[in-house]
Structure formats: structure tokens, C-alpha cells
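Novice: Here are the chains, one letter per residue:
2 protein chains.
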Amino acid sequence: MQKIIGYISVIEDALKATTQKTEPSTLYEPITYTLNLGGKRIRPALLLLANNLFGGQDEDALNAALAIEVFHNFTLVHDDIMDDAPLRRGKDSVYKKWGSNVAILSGDVMLMHAMQLLNKKDHPHLHNVLTLFNTTAIEVCEGQQMDMDFETSSTVCIDDYLKMIELKTAVLLAASLKIGAVLAEASEENAKHIYEFGRNLGIAFQLMDDVLDLYGDPDKVGKRVGGDVISNKKTYLLLKAQELATGKTAKDLEFCLSSKVIDDNTKVERVTTIFNSLNIKKIAVDEMNLFYNTAISHLDSIDAPADKKQVFENFAKSLMKREN
Amino acid sequence: MQKIIGYISVIEDALKATTQKTEPSTLYEPITYTLNLGGKRIRPALLLLANNLFGGQDEDALNAALAIEVFHNFTLVHDDIMDDAPLRRGKDSVYKKWGSNVAILSGDVMLMHAMQLLNKKDHPHLHNVLTLFNTTAIEVCEGQQMDMDFETSSTVCIDDYLKMIELKTAVLLAASLKIGAVLAEASEENAKHIYEFGRNLGIAFQLMDDVLDLYGDPDKVGKRVGGDVISNKKTYLLLKAQELATGKTAKDLEFCLSSKVIDDNTKVERVTTIFNSLNIKKIAVDEMNLFYNTAISHLDSIDAPADKKQVFENFAKSLMKREN
Numbered sequence: 046m047q048k049i050i051g052y053i054s055v056i057e058d059a060l061k062a063t064t065q066k067t068e069p070s071t072l073y074e075p076i077t078y079t080l081n082l083g084g085k086r087i088r089p090a091l092l093l094l095a096n097n098l099f100g101g102q103d104e105d106a107l108n109a110a111l112a113i114e115v116f117h118n119f120t121l122v123h124d125d126i127m128d129d130a131p132l133r134r135g136k137d138s139v140y141k142k143w144g145s146n147v148a149i150l151s152g153d154v155m156l157m158h159a160m161q162l163l164n165k166k167d168h169p170h171l172h173n174v175l176t177l178f179n180t181t182a183i184e185v186c187e188g189q190q191m192d193m194d195f196e197t198s199s200t201v202c203i204d205d206y207l208k209m210i211e212l213k214t215a216v217l218l219a220a221s222l223k224i225g226a227v228l229a230e231a232s233e234e235n236a237k238h239i240y241e242f243g244r245n246l247g248i249a250f251q252l253m254d255d256v257l258d259l260y261g262d263p264d265k266v267g268k269r270v271g272g273d274v275i276s277n278k279k280t281y282l283l284l285k286a287q288e289l290a291t292g293k294t295a296k297d298l299e300f301c302l303s304s305k306v307i308d309d310n311t312k313v314e315r316v317t318t319i320f321n322s323l324n325i326k327k328i329a330v331d332e333m334n335l336f337y338n339t340a341i342s343h344l345d346s347i348d349a350p351a352d353k354k355q356v357f358e359n360f361a362k363s364l365m366k367r368e369n
Numbered sequence: 046m047q048k049i050i051g052y053i054s055v056i057e058d059a060l061k062a063t064t065q066k067t068e069p070s071t072l073y074e075p076i077t078y079t080l081n082l083g084g085k086r087i088r089p090a091l092l093l094l095a096n097n098l099f100g101g102q103d104e105d106a107l108n109a110a111l112a113i114e115v116f117h118n119f120t121l122v123h124d125d126i127m128d129d130a131p132l133r134r135g136k137d138s139v140y141k142k143w144g145s146n147v148a149i150l151s152g153d154v155m156l157m158h159a160m161q162l163l164n165k166k167d168h169p170h171l172h173n174v175l176t177l178f179n180t181t182a183i184e185v186c187e188g189q190q191m192d193m194d195f196e197t198s199s200t201v202c203i204d205d206y207l208k209m210i211e212l213k214t215a216v217l218l219a220a221s222l223k224i225g226a227v228l229a230e231a232s233e234e235n236a237k238h239i240y241e242f243g244r245n246l247g248i249a250f251q252l253m254d255d256v257l258d259l260y261g262d263p264d265k266v267g268k269r270v271g272g273d274v275i276s277n278k279k280t281y282l283l284l285k286a287q288e289l290a291t292g293k294t295a296k297d298l299e300f301c302l303s304s305k306v307i308d309d310n311t312k313v314e315r316v317t318t319i320f321n322s323l324n325i326k327k328i329a330v331d332e333m334n335l336f337y338n339t340a341i342s343h344l345d346s347i348d349a350p351a352d353k354k355q356v357f358e359n360f361a362k363s364l365m366k367r368e369n
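First to last, the protein sequences are chains A and B.
Using my numbering, the first residue of the first sequence is number 46, and each one after it goes up by one.
Using my numbering, the first residue of the second sequence is number 46, and each one after it goes up by one.
Next up, chain A with everything else stripped away, as it sits in the complex:
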């Protein structure tokens, strides 16, 4: 993991230097604020790591890594408006601090700045990298729209949900890895495998998130257990339970979701009992393992030295909080 931590620090330093413009300050202050809010910088670090795996030069890939991070932060700035979210990483969101107009326009400029960073130098892979980036950026928006649509839809199925988390989260992780690979002139086959490693890992990670919300150790998860249940969030667990429940169980579940009478703790307790009776946790963990193992098998298929690939497997394990 030492290597990833090294890259994260390179990215932190480069991010500080990337926004040189300052006027109009109403536009650029929120951008600097956002980029300095912190964050794990996982995506750009993976881009650099993938670039290094295939023998690329870090400095060529650094602008692309910054582009990915600026893009990711753009999505957060706009998502916070759409989700009416006052907080981001424990501080005021741009939306809360400056209002939605500033958040819209600063976000727009961040997206444009990401494009600028990708296009900073001319190189033979520019067209391919931009094609992948643009496609991915649009997919991320589609995922966000699906997520918003789900809130008011009563016909969401497991396949829709998996598609949504793939688009909203997994493809950007996948594209980050692939861009790093393409810039290092990796073979098409290798670039495809590293993309699939990221895509499957991203989906597995989101499924784990759903499981941990209800079944995680509250001290480790760092938030209230059952938050998704309380807010009726259409997670993998709930959708699978709705798919499997019949008769009285289905009615009980429906009651818990729609009742305005039962308190939050009772709701979490009763829904958990229903989930347990349907074996939902095991089904979700099995599904997660399927994606995780597919990710690892794509990693195995990459034609590169095993010791250089080990850091990706270690990362995958740490992301899934797996000790094994």
C-alpha cells in the first residue's frame, strides 16, 4: 500500500497547484475550497498505479489523474445541490456555503477544467482517452439520474439497481484504471482486463456498502446502523427482499416501509427480522463475492509480473475491508 499512499501525496500536491485562476473569485473560491476538502484520492492514485504497472511515466499520467479527481469532485458539487445536502466531508457543501447558482457554475467550470487537464498535452492516445472519459462521464450522469428516478419509482428491480451502481460508481473507477493503462501503451487485452477489474470491484464495493449499513459494526462503519432501512432507500437488500417476500412476510415488509407509526428502532429491528427470514444477508454477500471474484480473475488475466499486480489485489482487499 506504500505505493498508493505515495501517489496520493503526489496528487494532493498537484491538486493544490492546478487551479491558478482566481477571478472572478465568486467562481474560483468554491473550486479551490472543494479541491481542498480532502477525500481519499483513490481514483487518481489507481490511474497512476495502472500507468506504472504497464511501465508508463508518472508525469504523463498525472494530468489525467488530476482530471479524474477534478471530475469526481464536480459530480459531488452538483450532486449536493440535487440531494439538498448541507454537508460534504464533514464541512459545508458548496451548495450550502454559496448557494445553488454558485454551485452550478463552479461545478460546470470544474468539468471543463477536467477536460482541460486531459487535453493539456498532445499525445497519440488523446482521442482514445477522451472517448473513454466522455463516455464514462455521461454514464456517471445516467447513474445519478437513475438513482434519483428510483426514489419515486415502485418498479425498480435488482438488475436496474446493479446497472445504477455500475454507472454511478463503478465505471469511473474502471475508466481511471484503463486511462492509466492506455497512457502506458498497454495492450488492448490488458486495458480491457484492468477496466473489468475496476468495474467489478466497484460494484462489489457498493454491495458491501449496502450490507454494512445494516449488518456492519457501528464503530467501524462510522454511522448509525440501518440508516438505509429508516429512509426506505432502495438498496440491494431491500429490493431482493421485496423480490423474495410473499404472503404475510411481504405484507409485514410493506407495513414497515409505509407505516408512520413505528419508531426508527422498531422499524430497523422488524425489517432485519424479515431480511433474516429471507436469508438476504447471505444472498447479498454471495452476489458481492461474485463481483469481487470476477474482479480478481480479470486481475489474474492481466499479462504483467505477479509482484507488480499484488498491490492491486491488496488494494481490492483493503477496499472490501477483507482481512483474509
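Note that these hints are calculated values from the structure, not bench results.
Just so you know, not all the hints are guaranteed correct.
Identical copies go unnamed one by one, so any copy, or any two together, can satisfy a pair.
Said to hold, decoys possible - Heads up, simulated DSSO-like pairs for lysine-lysine below, C-alpha to C-alpha not over 30 angstroms straight-line: (1) K278 x K141; (2) K305 x K293; (3) K279 x K141; (4) K142 x K327; (5) K66 x K208; (6) K142 x K278; (7) K66 x K279; (8) K61 x K208; (9) K278 x K265; (10) K165 x K237; (11) K142 x K208; (12) K142 x K48; (13) K312 x K326; (14) K237 x K296; (15) K237 x K166; (16) K166 x K208; (17) K312 x K165; (18) K312 x K278; (19) K66 x K237; (20) K208 x K165; (21) K366 x K208; (22) K66 x K278.
Dock chain B against the given chain A, drawing on the hints supplied.
Specialist: Quick look at chain B alone, frame taken from chain A:
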């Protein structure tokens, strides 16, 4: 003008074919709606015209022309949220029809789609075209931010105002022309002149807009005379009057701007009298002519056959509603 009209029809047809995606419909319906709302399609037509001036192939430039139009429409979708505008081209704005969340995300996808169109094919000028486009896109946002800042600022001067209209309007016209030229492999000198033709013409056009709001024939202008005065909009006329007015005139002007007592018609009448006493109309028209003539002198400097350049001068004249 026949040539421009021909290009506009090519663009209308191509725009209809450009958004093939339809799902999620909550994301793509507003995009199709926006692109079908009409509009003069001036910018993409000028891009094709500039491309043709330097012997380029229309089909290569068409994607770039569409990109410019999609980008322009993206700015309108986001501007309408920021301006709380219910109408766009006489119909419901996306913001009014679907709400701000849909307008934010659809707008984001339109911006990304513009990038996709610019990057549709690989070509030797990709890096240069993208550099110009990205710089321009950011400038347009800076112009919009300055415009919003002006609403609450009491220290706006004429130079700030000229900078704002340059960024918000003129640079996109200029970049459209230059991208057409670059794609046709025009010399750097020629590309520079056509950019400056567009930039100066764009500024002249905005100044004319300010003059016509108060001094135009209401039948021809198509809106209420003095709308800018009624809303205290910081136009060239008002800023110049504030700069020149002293003593009683300055106090009168200040009274008109801040009084909640006088009705709209009296306000327009009194402000017009003040403007006339300060010779504001002539000063504004002189400034406009300065930019217009600079535009034409850049057009004259372009090394291309005079008869092929004539259509640009005719366009400039028609844009300025000049009959001479």
C-alpha cells in the same frame, strides 16, 4: 446570405440525429426538447462558413459545429436555472418544465455531449481545437459569473462591463469561427483575424442590444422599450451615465434607480432625459462602431478572396441591423 441559410438547414437536420440515446428518459427527454426549441443556429453556421472560406470539408467541420450549438444550449439550460427563467424561446424552460435537478443534470450531459462531438474523429488538429474550445467554455462561465456578480455590486465600471460581454457572448462567436478555420488548416494569421472579427463583432452586437433596448423601435425590437432601465440593469448606457453624471444629474439618476415611488413609464422617461443630457446614446453608438469597424478591419486582413469574404460582411451588417 443564401449560404448561411443553407448551413442552418444542414445543422437543423444534423442536430435531430445527434442524440441517439433515450434512457433514462428523465435525462434525455429534456435534451431533445432543448435542441428542438429552435434558435438561430448562428454560431455553428459561422463555423461551417469559416471552414468553407479556407477550403475545408463541411462534413469534417459539422461535428464541431454541432458541438458549439449543443454547448450554447447547455449554457442556456443552466442559465435559466440561475436566472429563475420560466421561458426559453417562448416555451417553458427545462428548469420550469422539469425542475432544477433535471435541468442541472441534463445540462451537464449536454456539455459532455459537446465534448464527445468535438472528439468524434481523431484528426491532427484535435488538441488545438479542444484547447480553444475548453478555454472558451471556461470564459463563457466566467462571463456568466461576472454578470451575476454585477447585480449586487455597486462598483462596476465600463471596462468590467466590456469584459463581461466579451466573455459571456463574444468569445464563443469568435471561437466558432476560429475552429472552422483551424479545421480547414487556415494559417495562424488568418485564424487569428477571423477570431478577432468574431470577438469584436460580438461585443458590438451586445452594445447595440443595450442601445436598442431604450432607443429602438418597439415594433422592430419586439419587446418593451426601456426594460433594462426599469430593472436597473447595469448596461453600457447606465454605467456610462453613472460615470459622467455629476451634481444634480447624478442625484436625479440615483433617485430614479432607487425610488420605489415613481412608476415604470416615468422612470424610463426621466432616465432617458438624463441619458440624453449626457449624450449617452451617441457615446454608446460610437463605442459600438469602434468594435464593429475593428471587426471589419480584421475581416479585411484575412488573406482570402474578397468575394468569399463578402458573406461575412453581409452577415455582420445584418446582425447589426445595418442597412448601409
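Novice: Indicate, hint by hint, whether the structure satisfies it.
Specialist: Each hint, compared with the structure:
In this homomeric assembly, K278 and K141 come within 30 angstroms of each other (Cα to Cα) both inside a single copy, at 23 angstroms, and across copies, at 28 angstroms. Taking the shortest alpha-carbon separations for K305 and K293, only the intra-copy value of 19 angstroms comes in at or below 30 angstroms, while the best inter-copy value is 67 angstroms. Taking the shortest alpha-carbon separations for K279 and K141, both the intra-copy value of 26 angstroms and the inter-copy value of 28 angstroms come in at or below 30 angstroms. Proximity of K142 to K327 under the C-alpha cut-off of 30 angstroms is found in neither arrangement, the shortest distances being 42 angstroms within a copy and 44 angstroms between copies.
Taking CA atoms no more than 30 angstroms apart as the test, K66 paired with K208 passes between copies only; the shortest distance there is 16 angstroms, against 38 angstroms inside one copy. In the homo-oligomer, the alpha carbons of K142 and K278 lie at most 30 angstroms apart both inside one protomer (27 angstroms) and across protomers (27 angstroms), since each shortest distance falls under that limit. With identical chains, the CA atoms of K66 and K279 are at most 30 angstroms apart between copies only, with a shortest distance of 25 angstroms across copies and 41 angstroms within one. Taking the closest pair of Cα atoms, K61 and K208 come within 30 angstroms of each other only across two copies (28 angstroms); inside a single copy the shortest separation is 35 angstroms, beyond that limit.
In this assembly of identical chains, K278 and K265 lie within 30 angstroms of each other by CA distance solely inside one copy; the values are 21 angstroms within and 55 angstroms between copies. In this assembly of identical chains, the alpha carbons of K165 and K237 lie at most 30 angstroms apart whether taken from the same copy (25 angstroms) or from different copies (21 angstroms). For the homomeric pair K142 and K208, the shortest alpha-carbon distance between copies (27 angstroms) is at most 30 angstroms, but the shortest distance inside one copy (33 angstroms) is not. In this assembly of identical chains, K142 and K48 lie within 30 angstroms of each other by CA distance neither inside one copy nor across copies; the values are 36 angstroms within and 50 angstroms between.
With identical chains, the CA atoms of K312 and K326 are at most 30 angstroms apart within one copy only, with a shortest distance of 17 angstroms there and 71 angstroms across copies. Taking CA atoms no more than 30 angstroms apart as the test, K237 paired with K296 passes in neither setting, with 45 angstroms inside one copy and 71 angstroms between copies. Taking CA atoms no more than 30 angstroms apart as the test, K237 paired with K166 passes in both settings, with 24 angstroms inside one copy and 21 angstroms between copies. Taking CA atoms no more than 30 angstroms apart as the test, K166 paired with K208 passes between copies only; the shortest distance there is 29 angstroms, against 34 angstroms inside one copy.
In this homomeric assembly, K312 and K165 never come within 30 angstroms of each other (Cα to Cα): the closest approach is 53 angstroms inside a single copy and 52 angstroms across copies. Only within a single protomer do K312 and K278 lie at most 30 angstroms apart by alpha-carbon distance; the minimum there is 13 angstroms, versus 55 angstroms between protomers. In this assembly of identical chains, the alpha carbons of K66 and K237 lie at most 30 angstroms apart only when taken from different copies (24 angstroms versus 37 angstroms within one copy). In this assembly of identical chains, the alpha carbons of K208 and K165 lie at most 30 angstroms apart only when taken from different copies (26 angstroms versus 33 angstroms within one copy).
For the identical chains of this complex, K366 and K208 are intra-copy neighbours only, at 23 angstroms inside a copy versus 53 angstroms across copies, given an alpha-carbon limit of 30 angstroms. Only between protomers do K66 and K278 lie at most 30 angstroms apart by alpha-carbon distance; the minimum there is 28 angstroms, versus 40 angstroms within a single protomer.
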